[in-house]
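The sequence shown runs 1 to 181 under the numbering used here.
Derived by calculation from the structure, the hints in this document are not laboratory data. Some hints could be false.
[What the hints assert, rightly or not] Calculated pairs, DSS-like style, for lysine-lysine (alpha carbon to alpha carbon, straight line, at most 27 Å):
no., residue 1, residue 2
1, LYS53, LYS67
2, LYS40, LYS53
3, LYS81, LYS64
4, LYS77, LYS64
5, LYS67, LYS77
6, LYS64, LYS53
7, LYS40, LYS55
8, LYS25, LYS40
9, LYS55, LYS67
10, LYS67, LYS81
11, LYS107, LYS86
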Amino acid sequence: MTTPLEIQNHEFSTNMRGYNREEVKHFLYAVSEEMEHLLKNNQEISQELEFLKQKVREADDRDKILKDTLISAQQIKREIKENAHKEAELIIREGQLQAENIFENAKSHLDELRVQISDMKRMRGDLLAELEMMLTRCNHFIEAERSMAMESDKLLAITPRKKKKSEAKTPVLKKKHSRVG
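With the hints as extra help, turn the sequences into a complete structure.
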(Lines of atoms letter the chains of each structure in order from A and count residues from 1; the text may use other names and numbers.)
(Lines give C-alpha, C1' and ligand atoms only; values in the text may rest on other atoms or scores of the structure.)
Protein backbone atom coordinates (compact mmCIF):
# COMPACT_ATOMS: atom_id res chain seq x y z
CA MET A 1 0.00 0.00 0.00
CA THR A 2 1.35 3.37 -0.98
CA THR A 3 1.32 6.01 1.71
CA PRO A 4 0.57 9.66 1.06
CA LEU A 5 4.14 10.53 2.04
CA GLU A 6 5.48 8.10 -0.60
CA ILE A 7 3.26 9.75 -3.19
CA GLN A 8 4.56 13.19 -2.22
CA ASN A 9 8.20 12.13 -2.19
CA HIS A 10 8.09 9.88 -5.23
CA GLU A 11 10.57 10.95 -7.86
CA PHE A 12 10.40 9.93 -11.42
CA SER A 13 13.52 9.42 -13.49
CA THR A 14 13.97 11.96 -16.16
CA ASN A 15 15.09 11.67 -19.70
CA MET A 16 15.32 14.19 -22.43
CA ARG A 17 11.79 14.76 -22.87
CA GLY A 18 10.93 14.88 -19.15
CA TYR A 19 9.70 12.11 -16.92
CA ASN A 20 9.69 8.54 -18.06
CA ARG A 21 6.20 8.04 -19.32
CA GLU A 22 6.03 4.34 -18.55
CA GLU A 23 7.14 4.93 -15.03
CA VAL A 24 4.56 7.70 -14.52
CA LYS A 25 1.80 5.54 -16.04
CA HIS A 26 2.80 2.62 -13.89
CA PHE A 27 2.86 4.80 -10.77
CA LEU A 28 -0.49 6.42 -11.60
CA TYR A 29 -1.97 2.98 -12.24
CA ALA A 30 -0.71 1.77 -8.86
CA VAL A 31 -2.07 4.90 -7.15
CA SER A 32 -5.44 4.54 -8.90
CA GLU A 33 -5.62 0.84 -7.92
CA GLU A 34 -4.79 1.77 -4.36
CA MET A 35 -7.33 4.61 -4.42
CA GLU A 36 -10.02 2.29 -5.83
CA HIS A 37 -9.22 -0.25 -3.16
CA LEU A 38 -9.36 2.46 -0.46
CA LEU A 39 -12.61 3.93 -1.78
CA LYS A 40 -14.20 0.48 -1.92
CA ASN A 41 -12.93 -0.30 1.56
CA ASN A 42 -14.13 3.10 2.78
CA GLN A 43 -17.58 2.49 1.28
CA GLU A 44 -17.80 -0.94 2.94
CA ILE A 45 -16.76 0.58 6.25
CA SER A 46 -19.32 3.38 5.81
CA GLN A 47 -22.06 0.83 5.08
CA GLU A 48 -20.98 -1.29 8.04
CA LEU A 49 -20.92 1.83 10.21
CA GLU A 50 -24.43 2.81 9.07
CA PHE A 51 -25.65 -0.76 9.70
CA LEU A 52 -24.13 -0.71 13.20
CA LYS A 53 -25.57 2.74 13.90
CA GLN A 54 -29.01 1.42 12.90
CA LYS A 55 -28.54 -1.59 15.19
CA VAL A 56 -27.52 0.74 18.05
CA ARG A 57 -30.60 2.93 17.41
CA GLU A 58 -32.82 -0.16 17.39
CA ALA A 59 -31.17 -1.41 20.59
CA ASP A 60 -31.61 2.03 22.16
CA ASP A 61 -35.28 2.05 21.08
CA ARG A 62 -35.82 -1.44 22.54
CA ASP A 63 -34.00 -0.39 25.70
CA LYS A 64 -36.21 2.71 26.00
CA ILE A 65 -39.35 0.60 25.42
CA LEU A 66 -38.18 -1.89 28.05
CA LYS A 67 -37.44 0.90 30.53
CA ASP A 68 -40.82 2.54 29.84
CA THR A 69 -42.56 -0.83 30.18
CA LEU A 70 -40.75 -1.53 33.45
CA ILE A 71 -41.63 1.90 34.83
CA SER A 72 -45.23 1.44 33.71
CA ALA A 73 -45.39 -2.05 35.25
CA GLN A 74 -43.97 -0.74 38.52
CA GLN A 75 -46.48 2.10 38.54
CA ILE A 76 -49.36 -0.31 37.79
CA LYS A 77 -48.11 -2.63 40.54
CA ARG A 78 -47.99 0.28 42.98
CA GLU A 79 -51.50 1.43 41.98
CA ILE A 80 -52.90 -2.11 42.28
CA LYS A 81 -51.31 -2.47 45.70
CA GLU A 82 -52.67 0.91 46.84
CA ASN A 83 -56.14 0.12 45.47
CA ALA A 84 -56.12 -3.31 47.12
CA HIS A 85 -55.09 -1.71 50.42
CA LYS A 86 -57.83 0.94 50.13
CA GLU A 87 -60.40 -1.70 49.18
CA ALA A 88 -59.36 -3.89 52.12
CA GLU A 89 -59.70 -0.93 54.49
CA LEU A 90 -63.13 -0.14 53.02
CA ILE A 91 -64.26 -3.77 53.41
CA ILE A 92 -63.01 -3.79 57.02
CA ARG A 93 -64.80 -0.49 57.76
CA GLU A 94 -68.02 -1.78 56.16
CA GLY A 95 -67.71 -5.02 58.13
CA GLN A 96 -67.23 -3.10 61.36
CA LEU A 97 -70.25 -0.91 60.60
CA GLN A 98 -72.36 -3.96 59.80
CA ALA A 99 -71.18 -5.67 62.99
CA GLU A 100 -72.03 -2.54 65.00
CA ASN A 101 -75.47 -2.36 63.34
CA ILE A 102 -76.11 -6.04 64.02
CA PHE A 103 -74.99 -5.58 67.64
CA GLU A 104 -77.17 -2.47 68.10
CA ASN A 105 -80.16 -4.21 66.48
CA ALA A 106 -79.65 -7.27 68.69
CA LYS A 107 -79.31 -5.06 71.77
CA SER A 108 -82.45 -3.14 70.82
CA HIS A 109 -84.31 -6.41 70.18
CA LEU A 110 -83.09 -7.77 73.52
CA ASP A 111 -84.34 -4.62 75.27
CA GLU A 112 -87.71 -5.04 73.53
CA LEU A 113 -87.84 -8.70 74.59
CA ARG A 114 -87.02 -7.73 78.18
CA VAL A 115 -89.83 -5.17 78.15
CA GLN A 116 -92.21 -7.77 76.67
CA ILE A 117 -91.16 -10.36 79.27
CA SER A 118 -91.64 -7.80 82.04
CA ASP A 119 -95.07 -6.89 80.62
CA MET A 120 -96.00 -10.58 80.38
CA LYS A 121 -94.91 -11.19 83.99
CA ARG A 122 -96.99 -8.22 85.11
CA MET A 123 -99.93 -9.45 83.02
CA ARG A 124 -99.54 -12.95 84.48
CA GLY A 125 -99.49 -11.48 88.00
CA ASP A 126 -102.57 -9.40 87.19
CA LEU A 127 -104.30 -12.44 85.69
CA LEU A 128 -103.45 -14.60 88.72
CA ALA A 129 -104.73 -11.89 91.07
CA GLU A 130 -107.92 -11.61 89.02
CA LEU A 131 -108.35 -15.41 89.03
CA GLU A 132 -107.81 -15.50 92.80
CA MET A 133 -110.44 -12.77 93.21
CA MET A 134 -112.82 -14.72 90.96
CA LEU A 135 -112.16 -17.89 92.96
CA THR A 136 -112.73 -15.98 96.18
CA ARG A 137 -116.02 -14.59 94.81
CA CYS A 138 -117.00 -18.06 93.61
CA ASN A 139 -116.17 -19.50 97.04
CA HIS A 140 -118.21 -16.74 98.72
CA PHE A 141 -121.05 -17.45 96.29
CA ILE A 142 -120.80 -21.19 96.99
CA GLU A 143 -120.74 -20.54 100.75
CA ALA A 144 -123.73 -18.24 100.41
CA GLU A 145 -125.57 -20.87 98.37
CA ARG A 146 -124.73 -23.51 100.94
CA SER A 147 -125.97 -21.30 103.72
CA MET A 148 -129.16 -20.62 101.82
CA ALA A 149 -129.53 -24.32 101.08
CA MET A 150 -129.05 -25.12 104.75
CA GLU A 151 -131.57 -22.46 105.74
CA SER A 152 -133.92 -23.82 103.14
CA ASP A 153 -133.38 -27.36 104.42
CA LYS A 154 -134.12 -26.18 107.95
CA LEU A 155 -137.31 -24.58 106.77
CA LEU A 156 -138.25 -27.67 104.85
CA ALA A 157 -137.52 -29.78 107.87
CA ILE A 158 -139.96 -27.75 109.89
CA THR A 159 -142.68 -28.03 107.28
CA PRO A 160 -142.41 -31.36 105.60
CA ARG A 161 -143.35 -31.48 102.03
CA LYS A 162 -143.24 -34.24 99.50
CA LYS A 163 -140.74 -34.05 96.78
CA LYS A 164 -141.79 -34.67 93.27
CA LYS A 165 -139.75 -36.91 91.07
CA SER A 166 -139.33 -34.15 88.54
CA GLU A 167 -137.43 -32.01 91.02
CA ALA A 168 -133.79 -32.80 90.96
CA LYS A 169 -131.29 -32.17 93.64
CA THR A 170 -129.13 -29.16 93.05
CA PRO A 171 -125.49 -30.22 93.17
CA VAL A 172 -123.39 -28.37 95.66
CA LEU A 173 -119.89 -27.33 94.66
CA LYS A 174 -117.18 -28.05 97.15
CA LYS A 175 -114.62 -25.41 97.92
CA LYS A 176 -111.29 -26.03 96.27
CA HIS A 177 -108.16 -24.06 96.93
CA SER A 178 -105.80 -24.16 94.01
CA ARG A 179 -103.20 -21.70 92.87
CA VAL A 180 -102.09 -21.27 89.29
CA GLY A 181 -98.45 -20.79 88.51
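Hint-by-hint comparison with the structure:
1. The straight-line distance between the Cα atoms of LYS53 and LYS67 is roughly 21 Å, inside the 27 Å bound, and the hint therefore holds.
2. About 20 Å separates the Cα atoms of LYS40 and LYS53, which keeps this hinted pair within 27 Å; it holds.
3. Our distance criterion of 27 Å between C-alpha atoms is met by LYS81 and LYS64, whose separation comes to about 25 Å.
4. For the proposed pair LYS77 and LYS64, the alpha carbon gap of about 20 Å is at most 27 Å, so the pair holds.
5. For the hint pairing LYS67 with LYS77, the CA-to-CA distance comes to about 15 Å; that is within 27 Å, so the pair holds.
6. With a CA separation close to 16 Å, the supplied pair LYS64 and LYS53 stays within the 27 Å bound.
7. Taking the CA atoms of LYS40 and LYS55, the gap is about 22 Å. The hint holds against a cut of 27 Å.
8. Taking the CA atoms of LYS25 and LYS40, the gap is about 22 Å. The hint holds against a cut of 27 Å.
9. Of the supplied pair hints, the one linking LYS55 and LYS67 holds, its CA atoms being roughly 18 Å apart against a limit of 27 Å.
10. Our distance criterion of 27 Å between C-alpha atoms is met by LYS67 and LYS81, whose separation comes to about 21 Å.
11. Restraint check: the Cα-Cα separation between LYS107 and LYS86 comes to about 31 Å, which exceeds 27 Å; the hinted pair is violated.
In this structure, only the earlier hint numbered 11 is contradicted, and the remaining ones agree with it.
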